[in-house]
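2 protein chains.
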Amino acid sequence: MTNAVKIGSVLIGGNNPVAVQSMTNIKTQNYTQVIEQILALEQEGCDIVRVAVKDEEDALAIKHIKKAITIPLVADIHFDYNLAILSVENGVDKVRINPGNIGLEQNIKKVADCLKANNIPVRVGANTGSIEKEFLSKYGKNEISLCESALKDVAIFEKYGVKDIVISAKASDTLLTVKAYRYLASKTNYPLHIGVTEAGTYENGIIKSSVGIGALLVDGIGDTLRVSLTASPIFEPMIGRKILRAVGRETNFVEVISCPTCGRTEYDCIGLANKVEKLVKNIKKPLKIAVMGCVVNGPGEAKDCDLGIAGSKDFCVIFKGETVVKKVPFNQAEEEFIKEIESIAK
Amino acid sequence: MTNAVKIGSVLIGGNNPVAVQSMTNIKTQNYTQVIEQILALEQEGCDIVRVAVKDEEDALAIKHIKKAITIPLVADIHFDYNLAILSVENGVDKVRINPGNIGLEQNIKKVADCLKANNIPVRVGANTGSIEKEFLSKYGKNEISLCESALKDVAIFEKYGVKDIVISAKASDTLLTVKAYRYLASKTNYPLHIGVTEAGTYENGIIKSSVGIGALLVDGIGDTLRVSLTASPIFEPMIGRKILRAVGRETNFVEVISCPTCGRTEYDCIGLANKVEKLVKNIKKPLKIAVMGCVVNGPGEAKDCDLGIAGSKDFCVIFKGETVVKKVPFNQAEEEFIKEIESIAK
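Here the protein sequences come in this chain order: X and B. Under my numbering, the residues of the first sequence are numbered 443 to 788, in order. Under my numbering, the residues of the second sequence are numbered 443 to 788, in order.
If we strip away everything but chain X, and leave its shape as in the complex, we get (with noise of 0.2 Å):
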């Protein structure tokens, strides 16, 4: 088990639920469009947000964003490493650093002494881009020279006393990132901020997104984690939830099972998954509702559902577990079904 970190109020690693993250994309400085922004990421299931630090300006913006906003705050740093405790000055709640382009020991050494000082934890975040070179020499461009990479760089906050540690080792390549968070997990037990760094695009990046924290979260291995699309960050937190979902992570909600359809649907079965989707989006139950085409992969694969329904001839069925409750012609199925949907969900 990974050790427990604690930033701002949310604990992470150790059993705690994994924490979803996101980073706001308007200049730092801009801070009431940024709190707005981190308002909404919130909304959106966000526990911990992460804006960029490229200057003083955005180093002095923390404190108002810090004033407004209830969720933790992490501080992105490159390069500079007064922008960190200039950060750290401000309020934030984390300092993520790639020590590979802060330079100096001697300037790690300082932003150490501050977070010491201040009780905050740090983020080591190193990618395929900043593998230092000793190790890309030793080993080439892989799993294992990104992540001692990391690991020299956690071991020198570790010679200044800095103990609240989380690594993460992200690469494009999301076979690469899968690796590398495997190797992590067998070398240490920091915890390990999961995710595909530079996924893409929406689709492209939920894809990557979900196979690459996916198959770490399968395995145990991943606690914090955010998804990296380019696209608007109002979407990342939500689809960190769903993948959190998906293994099993997060259980507090109405999940739809819906049957692709085939030759065999009689009745509008993808209209309908998609509106008691959109019906029981917030409602935070534990439920399961099943939407299916037909009666081959209906009641039977259905049978752990609170509620389902499966076309048949000339009719549709609605169910309780094994248990048919009514008959309704097609044409009143959606009416019916939403009725029942309200019922159970109250």
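To be clear, the hints were calculated from the coordinates, so they are not data collected in a lab. The model shown is predicted, which means the values in this text are computed figures rather than measured ones. A hint or two may mislead.
As the list makes no split between identical chains, a pair holds if one copy fits it or if it spans any two.
[To be verified] With a straight-line Cα cutoff of 27 Å, these simulated DSS-like cross-link-like pairs (lysine-lysine) come out:
#1 Lys762 / Lys727
#2 Lys723 / Lys745
#3 Lys730 / Lys580
#4 Lys629 / Lys717
#5 Lys629 / Lys762
#6 Lys745 / Lys621
#7 Lys551 / Lys605
#8 Lys583 / Lys762
#9 Lys583 / Lys730
#10 Lys781 / Lys621
#11 Lys508 / Lys448
#12 Lys755 / Lys505
#13 Lys505 / Lys717
With the hints as your guide, set chain B onto chain X.
Just chain B now, kept in the frame of chain X:
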């Protein structure tokens, strides 16, 4: 390694590429429309297609469909073993059967005899709705009962001399699906048809399928796959291909890696990434193109790319590998980058 099985002109199992499947959702007897849908599915990357055979008319339509398509055709059979035999007699390339709902062993024997005589492979397709009572009471509802149920059915086909067998054991629970195929892979050398069943509507189905299929492929499990979406089947093959790409099992395409953008982004990186993706969609070359917001994740992380672009303070940098080939103002970035893409794609 799994055994190779021939389905029409396509070999699955062994070292063969993972074949992508889909299923039509039009009544099979309406074969003119079914043919149209199959040709469209093939265009989208479908290697093998399945049709539901619900009655005699559906089975007879197979003859017409076979004449008009080139990819292998699979008949999906439930309840009535006669339809399996009639489908084979009408030229189908593979039969998918769920022995759990076929009934008497003597009926399965008749199907087996027909398959053997015609050299036609079978997929034994179990799912959580068809677990035999014997295993349910012994193990409960889990991957063991699901797979042992499937393997018992496989043993019946073996007993009657059928050698070309493919197995599936699907569940709508993604984690259970992964566990089931891992179990099967440890117990048998038959090729495995993988997928998450009743995965849900478009986006949810993509996420569950990517997690489940992806987690298996990462570990080398799976010889053919189907993404099930409660949506038009036309989307299924390409999502399947994208999962294969994510795990490095398909490489002859242009990969667009693009960053999620953050407070550092100074130009319309999201817009450009989407345009680039459309532009390269049909290029069959193993190229990697990076569309990056800024210099932090730009040239550094995209070193391995054939071509990349990253935003800087007042201009964009276009690079090939580690070499900067051009600096262009933001308003010319798109035009110049597309020129470069066209030149490397030739």
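Each hint, compared with the structure:
no.	hint	in the structure
1	Lys762 / Lys727	within (16 Å within a copy, 51 Å between copies)
2	Lys723 / Lys745	within (22 Å within a copy, 41 Å between copies)
3	Lys730 / Lys580	between (51 Å within a copy, 25 Å between copies)
4	Lys629 / Lys717	neither (46 Å within a copy, 41 Å between copies)
5	Lys629 / Lys762	neither (47 Å within a copy, 35 Å between copies)
6	Lys745 / Lys621	between (37 Å within a copy, 20 Å between copies)
7	Lys551 / Lys605	within (13 Å within a copy, 66 Å between copies)
8	Lys583 / Lys762	between (54 Å within a copy, 18 Å between copies)
9	Lys583 / Lys730	between (44 Å within a copy, 16 Å between copies)
10	Lys781 / Lys621	neither (47 Å within a copy, 36 Å between copies)
11	Lys508 / Lys448	within (17 Å within a copy, 62 Å between copies)
12	Lys755 / Lys505	between (64 Å within a copy, 25 Å between copies)
13	Lys505 / Lys717	neither (43 Å within a copy, 38 Å between copies)
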